[in-house]
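Engineer: In case you want the letters, here they are:
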Amino acid sequence: MVSDRKNLRFKTENFRELGLLLFIILLSVLIQFRNPTFLTFSNIETLLINASILSILAVGMMMVLIVRGIDLSIGSTIAFSGMISAMTVASYPHIHPLISILQGTLVGSGVGFLIGLLVAKFKVLPIIATLGMMNVVRGFTFLVSKGRWISAYQMSIPFKEIATGRILGMNTLVVIAVVIYSAFYYFINHTRTGRQIYAVGSNPDAAEVSGIPKIRIIWMVYILMGALAGLAGVLWVSRFASAQGDTAVGYEMNVIAACVLGGISISGGSGKVSGLILGAVLFGILNNALPLINVSPFWQQGIQGVVILSAVLINVMVKRTNERQALRRRII
Amino acid sequence: MSEYILELRGISKTFPGVKALDDVNFNLKPGEIHSIMGENGAGKSTLIKIMTGVYIADEGQMFFNGESVVIKNTNDSQRLGIAAIYQYVTSYPDLSVTENIFIRHEKVHPITKKIRWKAMHQAASELLRQLGASFDPRTRMGTLSVAQQQIVEIAKALSVNARIIIMDEPTAALSNRESEELYRVTEKLRNDGVAIIFISHRMEDFYRLADRVTVLRDAKYIGTWNKSDIDHDKLVMAMVGREITQMFPKRSVRIGKEILRVENLGREGYFKDISFNLHKGEILALTGLVGAGRTELCESLYGIAPFDEGAIWFDGKQVKFRHPREALDNGLGYLPEDRLGHGLVLDWELFRNVSLPALKEFSFRGFLSLMKEIRKTKEFGERLEVKATSVFDKAATLSGGNQQKIIVAKLLTADLKVIILDEPTKGVDVGAKTAIFDIMGDLAEMGYGIIMISSEMVEVLGLSDRIVVMKEGRVTAVLNTAHTSQEQILRSALGSANGEVNHGK
Amino acid sequence: MAQRELLIERQRSMKRFIMQWEWLLLLIFMMIHVVNSFLSPYYLNFNTFIRTPMTFLDKSFLVLPMTFVIILGNIDISVGSTVALSSVIMATAYNAGVAMPLAMLLCLVVATTCGLINGVLMVKFKELSAVIVTLSTMTIYRGVAYVILEDRAAGNFPNWFSFLGWGSIAGIPFMLIMFVICAVLFGILLHKTTFGRKIFGIGNNKNACIYSGIETNRVLLWVSILTGLMAGFTALFLTSRMGSTRPNVAQGYELEVIAMVVLGGVSTAGGKGKIIGPVLAIFIIGFLSYGLGLVNISAQVLLIIIGMLLIISTMILNIRFKRMKKPRVLQS
Amino acid sequence: QEGAKERHAFVFKNTGNPYGEKQMSGFEDGIVEQGFEAILRAPDLPTAEAQIQIIEQLISQNVTSITITGNDFDALEPVMKNAMAAGITVLSADSAVNPASRKTHINQADSEMIGRTLIRAAFDMAGGSGQIAILSATSQASNQNLWIEWMKKELEDPKYKNIQLVRVAYGDDLRDKSVAETEALLRTYPNLKVIIAPTTVGIAAAGKVITDKNLQGKVFITGLGLPSEMAEYIENGACPYMFLWNPIDVGYLSAYAATAVASGKITGKVGDKFSAGRLGEFVVTQASDGGTEVLLGPPFRFDPSNIAEWKTVY
Ligand SMILES: Nc1ncnc2c1ncn2[C@@H]1O[C@H](COP(=O)(O)OP(=O)(O)OP(=O)(O)O)[C@@H](O)[C@H]1O
Ligand SMILES: Nc1ncnc2c1ncn2[C@@H]1O[C@H](COP(=O)(O)OP(=O)(O)OP(=O)(O)O)[C@@H](O)[C@H]1O
Ligand SMILES: [Mg+2]
Ligand SMILES: [Mg+2]
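Residue numbers (the numbering used here), protein chains in the order written: chain A, 1 to 332; chain B, 1001 to 1505; chain C, 2001 to 2332; chain D, 3001 to 3314.
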């Protein structure tokens, strides 16, 4: 009994994004007051659908950030893989959607493979390698599409249903996101390779000395990020039923923002899936709720900024209070 | 089958500009504790890094059980059963203690390959208990003190069931009590047939543990002796190349007026009710077990982390430094415990490191004077006998002891009245130790008040005028060195914290 | 004595001097001119050549302080928004009847304040990474600009104001003159003064600096203020070049500026770099895209070329370093 | 460069936009037809800053004329004036720049007509009464803002007293944002009847949301969009009809206007007449922003009857 209580306290102390959770609850209540349709089942589903692509990408970005990297190219990868699979579907309408998903994921992995090669093997700084690839991949997207878009009528119905279909009564996108979260939760917390991602990010030199295949781990992380971005590209195109050359320009910043909101450190080594979910959810709420609360559109961006800032500040305050209390409990 | 489990012949290694090893031989028998000794920068760490594959030798051969082997990387050495604790902690601050211990040989489920956290936590607890440590293996490594991290490193080496364990200055961050635990464990391992290489600058480690000793000097191999075949003076002579007559050059300095007084100082969670004072020309030792809060106390004095209660009088004024800058400007300096993290900018040349605390002195209207920096650094370097090729050397390339001297040099650039030295001799060779003691003596003579944090009894007793003993954030005794004994200090360090403060006889 | 040692060291460092990244940049810079003049008959026209920098210099005023920021080990992604906000406030004030010189002063004051706010937030909330702080202020600053001007543009500045962005003195663009002055000042500040030394120190090892009595907060604040101030200058020049302003100006400048800084050999890990590198990078990217623009290369190909340039030039740097690579130093 | 062909440049808003590609190809056709050389440029992002750079590059090349689709109404003025000073003919097409920075403007359709037509369409779809909303591109897009202004003017007519414009939302021409804004509109105004989206990304996103939520027949969409993007939603009834002009013709007309002004045949004053190849004769008229313009013609209406033939064209 006593030990149970202690255990619980230990856990809450370890739950570093407690403040963020409190903030999300507070924010939801406030929005609910302004627009009572906010906390309805259907709106929450919409919110989740809209947040799912972002959160799939955030999982990849989390791993990249953990190994002290960054990936600015994912917006371009989304566009590229989305465009390729849309073009394929337009020419071969009878392709099974699973093939499309696979195709997009492979294209994304290819881009990730190149970035991993640059970063892990050739030791190009991640920010440069991915900034460069961002331009290169975007350029190629325009080139392969020759400036055309692939529109809804050119896509087969099964392809569009990737994003609109339902599995077990849930939207497929949400299901895919949940599956990916569970898989990656298991992967980074309960497998040796997963833990080595943290080790490499926490102390790269030590990792090398203790014989962790640093290069392979970093490479793998970028391939996974690329694969997820490629997958997201297919989902994106299917969801919006249109593939454009300038799809998802600047989307990487949203993903990185969701990650840092979720407590993932830019300097590597730390970050948890639980925090990540909160970050992605907060971002989903921001995008979903601001249009709902009926303020002038010109105020939206300002409000969004203030919300982000308050979220991180409140999180810090809660953390500080926690730490102070922990100190107070220490007997000296 | 050879007599030796590991043998190195004619090993040489050159770094850009430095010959770190020059035709060095070394051999290791199964079931022995073999000490490697030598001055700072003699090449000890380099030698063991060659054994573990961190570096690759330019020349020379290695034999494992009589067979020639090539160790190209750390995986090769791990396969041979060689485990190492490096001089500087190579841990993962963001991972838990358990993971740090079991990294690369995690316990996994045989089929699913899922990590068995419970089993690992348990095993980690057990290992830590063996080493006399009591912290939870679930804690994040980064929140532990340097000493605690060192213990984890040892546990890590124990956990692999290695045939050869290399320990590079494992006791440097430990106090006597933890060292005792380490001795015990080491001896037990030896009795189980494990061969152990032990590097330390502490003579007592050698006497207590080693079976044989190999001495290096200036990258060269000097010789290997059985413990019984070499006496103290001969060993020091082999290491330093000259005789050291007096380890603790105790000088009779006239103690001046009070310069620092601390009254009922407290900081929540760290220390409480700390009172003591310091005079000009006095050397005050601050001792206790690791984790007693000595570092935190001194950091509060220096303005790194504020205290919440009590008062400090410095040179007659009541002060509360909010930033090290204020402390330095008022004449209080601090030599940090964490040499690499807090003391040096490793990527910088020596002169840039030395000028850092007193940039004003080295500049005119904000413009830096390179000449001044170089001249001063050279001057201090010569005075402290720093071993380096030039003032343009990167701090990272210096050996531990020489790095320490550079940090001392930093303090000398500012105009100070009181200097706090936090474990100044940690990982420093005999020769350099005496040099640092010498400097402390000089400073005391010049009227500086000196606080020295130290966990080594010999040092504390040999150098100080008075001793403050701390335990768990409280002062348990203020003793007069002339009238005290090792037992009395230990009793205060271990004994009840809540008892009356013992002010000596 | 010391003099002699310095001489020896100078000789010894000759080799290192010759092997510098900046030379490579200079080489690329020269090559670009050769290629460009080969490609386009319009390129080697002195008049064009000297006026070209005007087309890309506005954001280069941000490159200078961003170099400081990155050497400090931070990053500032709010600069584009700062430019927008200060520009919008200047224009609004002028249109509301404030005298133009005063409005310009106001622009600098607003921008500096934005920088100061970033700095204060970072100092007061050390737990937060610079990315998250500037990410939130980025959104807020631009949000405020939107609130002020909504969907309107503001401008109608007096004629002399266009001199800033378009004028020349003795045939040399005023902007170029100003930039050279600023670059020299920033170079001196970074490489010759105690302030610059502190910046390098903090970027290398912040803790060591704190223990050495460097008031790291103060340095951080000053750098933030400088960044703000230079964003103000950028706002002046950009507004002058456009003759009017809107809340959406200078969008995406932060990434372009960061790209130039890292191409200039400044490590995002902090602590390393020279001012000359980013300055060269500005001219490399500027002249390259100008030259390729003269042969009317399409935007997508230009994207690919600039991306490749980023990646390949850094790879050359790495290969060079690998040869000189020092053994690892183990550290915690 | 004696003897070299005259070169005429066209600068679109951004690259990779099928609408722009069509406009540029129309321009190219028109120029090549007359025996000149066409230069087609577009920055990778739709900003005025990037267009300024491109125009400076064109000035250095001494092109004969520049026709621009402006990313900003006012911000290009200084650089356009520079181009004029260098003797280059400058025009705008599709999205205007201010009168001071152009000789004339090629207007794809009368702004007033577009605004009024869209409101009439909404009135028609709503059945004479109910709530309507506008989903625009960015709040800074000058084209869209002008049309919205005219829509509001049209709504002042007492005939629309039962029509209520509840909100102008901005989807920033981003798919995800446009979708989120549409969803918010539907949720906040459950009785919404019509969404007018005078931008391709916005109207397609709205069409997608209506289709996904199976609201065809309850909520209608109209506006301006590419037939290829909208084919699906026109065919499934989410959008009964919508409008657009032929971007190829916009480009083609611009080409003839540019050469006419550049050759001195016309000066761009009201009343000037010139012939534009296969499109026939055009007259320069007064524009509502104070400058002059050439009007292509009324917007074309796309509905289920004709969408199939147009969806593969652009
Ligand atoms: N990575 C390196 N680059 C350049 N020189 C190095 C490097 N590592 C060590 N050295 C140099 O090699 C020599 C031997 O260093 P080493 O660390 O082996 O000494 P040590 O005997 O372990 O000293 P200490 O007792 O201080 O730890 C020193 O002169 C040192 O400066
Ligand atoms: N009971 C405890 N529970 C948790 N943390 C503790 C406890 N006691 C001490 N600590 C922490 O452990 C760390 C060890 O302290 P520190 O190493 O600074 O002490 P010290 O006396 O200076 O030891 P040394 O200098 O010998 O390493 C400090 O951060 C201290 O707050
Ligand atoms: Mg060593
Ligand atoms: Mg300590």
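Fair warning: there could be bad hints in the mix.
To be verified - Straight-line distance between alpha carbons at most 25 angstroms, and here's what the computed DSS-like set of lysine-lysine pairs gives:
1) C:Lys2192 x B:Lys1360
2) B:Lys1372 x C:Lys2126
3) A:Lys214 x B:Lys1113
4) A:Lys123 x B:Lys1372
5) B:Lys1188 x A:Lys214
6) C:Lys2192 x A:Lys123
7) C:Lys2124 x B:Lys1029
8) A:Lys319 x C:Lys2192
9) D:Lys3269 x D:Lys3081
10) C:Lys2124 x C:Lys2192
11) A:Lys121 x C:Lys2124
12) C:Lys2124 x B:Lys1394
13) B:Lys1378 x C:Lys2192
14) B:Lys1029 x B:Lys1272
15) D:Lys3177 x D:Lys3218
16) C:Lys2126 x A:Lys272
17) B:Lys1272 x B:Lys1360
18) B:Lys1360 x B:Lys1372
19) B:Lys1360 x A:Lys121
20) B:Lys1114 x A:Lys272
21) C:Lys2124 x C:Lys2274
Unchecked claim - Selected chain A positions facing chain B (Cβ under 8 angstroms, derived; list incomplete):
22) Asn171
23) Gly211
24) Ser267
For the record, the hints were derived by calculation from the structure and aren't laboratory data.
In this text the structure is predicted, and so the values were computed from the model without any measurement.
By construction, the Cβ of each residue, glycine as well, lies at the ideal position given by its N, Cα and C atoms.
Engineer: Please work out if Lys1188 of chain B and Lys214 of chain A have their alpha carbons no farther apart than 25 angstroms.
Structural biologist: With a Cα-Cα distance of about 35 angstroms, the restraint between Lys1188 of chain B and Lys214 of chain A is violated, given a limit of 25 angstroms.
Engineer: Given the hinted pair Lys1114 of chain B and Lys272 of chain A, is their Cα-Cα distance within 25 angstroms?
Structural biologist: 18 angstroms, holds
Engineer: Can you confirm whether the C-alpha distance between Lys3177 of chain D and Lys3218 of chain D stays at or below 25 angstroms?
Structural biologist: 23 angstroms, holds
Engineer: Under the criterion that the straight-line Cα-Cα distance not exceed 25 angstroms, is the pair Lys1272 of chain B, Lys1360 of chain B satisfied?
Structural biologist: Violated: Lys1272 of chain B and Lys1360 of chain B sit about 36 angstroms apart, past 25 angstroms.
Engineer: Between the alpha carbons of Lys2124 of chain C and Lys1394 of chain B, is the straight-line distance 25 angstroms or under?
Structural biologist: Judged against 25 angstroms, a Cα distance of about 33 angstroms means the pair is violated.
Engineer: Do the alpha carbons of Lys1360 of chain B and Lys1372 of chain B lie within 25 angstroms of each other, as the hint requires?
Structural biologist: 11 angstroms, holds
Engineer: Does the structure keep Lys121 of chain A and Lys2124 of chain C at a Cα separation of 25 angstroms or less?
Structural biologist: Judged against 25 angstroms, a Cα distance of about 39 angstroms means the pair is violated.
Engineer: Would the hint on Gly211 of chain A be counted as holding, given a Cβ-Cβ threshold of 8 angstroms to chain B?
Structural biologist: The hint holds - Gly211 of chain A has a Cβ within 8 angstroms of chain B, the shortest such distance being about 4 angstroms.
Engineer: Taking only the CA atoms, is the gap from Lys123 of chain A to Lys1372 of chain B under or equal to 25 angstroms?
Structural biologist: 38 angstroms, violated
Engineer: Is the hinted pair Lys2126 of chain C and Lys272 of chain A satisfied, with a Cα-Cα distance of at most 25 angstroms?
Structural biologist: 20 angstroms, holds
Engineer: For the pair supplied as a hint, Lys319 of chain A and Lys2192 of chain C, is the alpha-carbon distance within the 25 angstroms limit?
Structural biologist: Violated: Lys319 of chain A and Lys2192 of chain C sit about 41 angstroms apart, past 25 angstroms.
Engineer: Min Cβ distance, Asn171 of chain A to chain B: is it shorter than 8 angstroms?
Structural biologist: Violated. Min distance 30 angstroms.
Hint violations for this structure: numbers 2, 4, 5, 6, 7, 8, 10, 11, 12, 14, 17, 19, 21, 22, 24, all remaining hints satisfied.
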